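S.K.: Okay, here's what each chain looks like letter by letter:
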Amino acid sequence: MKNVMSPLDFSVEELEALMDKATDIMAHPQKYAHACDGKILATLFYEPSTRTRLSFEAAMLRLGGKTLGFHSADSSSATKGETVADTIRVISSFADICAMRHPKEGAPMVAAEKSSIPVINAGDGGHQHPTQTLTDLMTIHSLKGHFDNLTIGMCGDLKFGRTVHSLIEALLRYSNIHFVFISPKELMLPGYIKDKLDSHPDIQYEEVTTLEEVLPKLDVLYMTRVQRERFFNEEDYVRLKDFYILDKKKMALAGPDMLVLHPLPRVNEISTEIDDDPRAVFFKQVKFGMYIRMALILKLLDINVD
Amino acid sequence: MTNKREEYKLNVGKIEEGFVIDHIQPGKGMDLYYYLGLDKLSSCVAIIQNAFSRKMGKKDMIKVEGPLQQFDLDIIAFLDHTATIDIIKDGEIIDKPKLEFPQEIVNVIKCRNPRCITSTEHQLDNIFYLTDPKNGTYRCKYCETKWTPIN
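In order, the protein sequences belong to chains L and U.
Its first residue numbered 1, the first sequence is counted upward by one per residue in our numbering.
Its first residue numbered 1001, the second sequence is counted upward by one per residue in our numbering.
Treat the hints as calculated values from the structure; they're not laboratory data.
It cannot be assumed that every hint is accurate.
The calculated lysine-lysine pairs, modelled on DSSO-like cross-linking and capped at a C-alpha distance of 27 Å, are [claimed, not checked]:
{"no.": "1", "chain 1": "U", "residue 1": "Lys1110", "chain 2": "L", "residue 2": "Lys80"}
{"no.": "2", "chain 1": "L", "residue 1": "Lys159", "chain 2": "U", "residue 2": "Lys1089"}
{"no.": "3", "chain 1": "U", "residue 1": "Lys1146", "chain 2": "L", "residue 2": "Lys194"}
{"no.": "4", "chain 1": "U", "residue 1": "Lys1089", "chain 2": "L", "residue 2": "Lys194"}
{"no.": "5", "chain 1": "U", "residue 1": "Lys1089", "chain 2": "U", "residue 2": "Lys1063"}
{"no.": "6", "chain 1": "L", "residue 1": "Lys144", "chain 2": "L", "residue 2": "Lys185"}
It should be emphasised that the depicted structure is a prediction, and the values quoted were computed from it without experimental measurement.
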């Protein structure tokens, strides 16, 4: 495998191996501290994303490698009209691997086609964000131990939320998952995702508009932010942004082992009063994200550490 | 004296060698004409709009004189799934090939997703893949947006 464009680029077995590697890195960080000595990761971020960029950079630094790059289109040659294809050809001369975020959907694929180094899609518009999905899967797998037979709630912006779509598609490959989709009518799952769900007979799903009624039965609750940049209309954004707020009162309805995940950043859809609740694992999730990115960098650079 | 009805009769002559694209949805004939590049031909091409059809009520038709080989006929299945092809030799229909959805369509349609990379990097080919052969669904190679005709 040379590039990572979508979470479905991995088979279930490859994903398993990647999570095992990340788990080993977590347990024995010293063993991997110099695995990428002399290697350079380029972070080409055409739009701001502190979390993902820093996670990639931290991952490379913890492997002993170095990083370079830009963090907005304004500080890249894109302002002079340089194409993605030309930029990646240039960067290929400087770095050994690249993580690209771009507001235009498909830009990392254009880069991957012209690149001589591995390209990781670090988010392209509302399309794909594979390393977020790997992070989410890693979190669930590490804390629950399995994916099969889980009841997974997804709440908030299910229409534009790419993390939700990608996670659903990745989870469809496991057995007997029961999805519960919680959203206002305007932000319900798009038809093409429901078509995919419908084509898996052992996957059940339901759509509801209130969170309280379903909380007791959930093993995992995946909260999402209603993102301003996904709306063309400001009025719709303002009307829908505070539809669900997860607070102590709602958490009291949930089971003792339910996990609360969130791709972050949160705005106010998760009240800070639940941050210390052991079921709120969204900050642990960030850490899992770094470890899975470390495992991914090693895999794409074909570096083996025994 | 010429009979008035005869004088104004629409008469498109029989072709000896060529092909007929029949059962085109009414109004789509000109689209197919341009998509297939028939405007660039020097041979005889006839477009008939809103012809009577027992099956469809109205239909468009295109008659083209000349060999078939130079055309990518599979694109017709994508552009109009009702259309059929008759291949003519020596004035007779010798074949009615079945039209299949092409696996890939290059630079025939443009992705309409304003967030797609092809909307800003115009040197890129507009490539669509057949993702659902049963329903003839195509998605953009880059952003995976489903192609939906405007009308």
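S.K.: Now, for every hint given, state plainly whether the structure supports it.
M.R.: Status of the hints after comparison with the structure:
At most 27 Å may separate the alpha-carbon atoms for a hinted pair to count; Lys1110 (chain U) and Lys80 (chain L) meet this at roughly 25 Å. A distance of roughly 54 Å separates the Cα atoms of Lys159 (chain L) and Lys1089 (chain U); the hinted pair therefore is violated under the 27 Å criterion. Distance check on the hinted pair: Lys1146 (chain U) and Lys194 (chain L) sit about 15 Å apart at the alpha-carbon level, within 27 Å; holds. Taking the CA atoms of Lys1089 (chain U) and Lys194 (chain L), the gap is near 49 Å; set against the 27 Å cutoff, the hint is violated.
This hinted pair checks out: Lys1089 (chain U) and Lys1063 (chain U) have alpha carbons roughly 13 Å apart, not beyond 27 Å. With a CA separation close to 31 Å, the supplied pair Lys144 (chain L) and Lys185 (chain L) exceeds the 27 Å bound.
Hints 2, 4 and 6, counting from the list given before, are not met by this structure.
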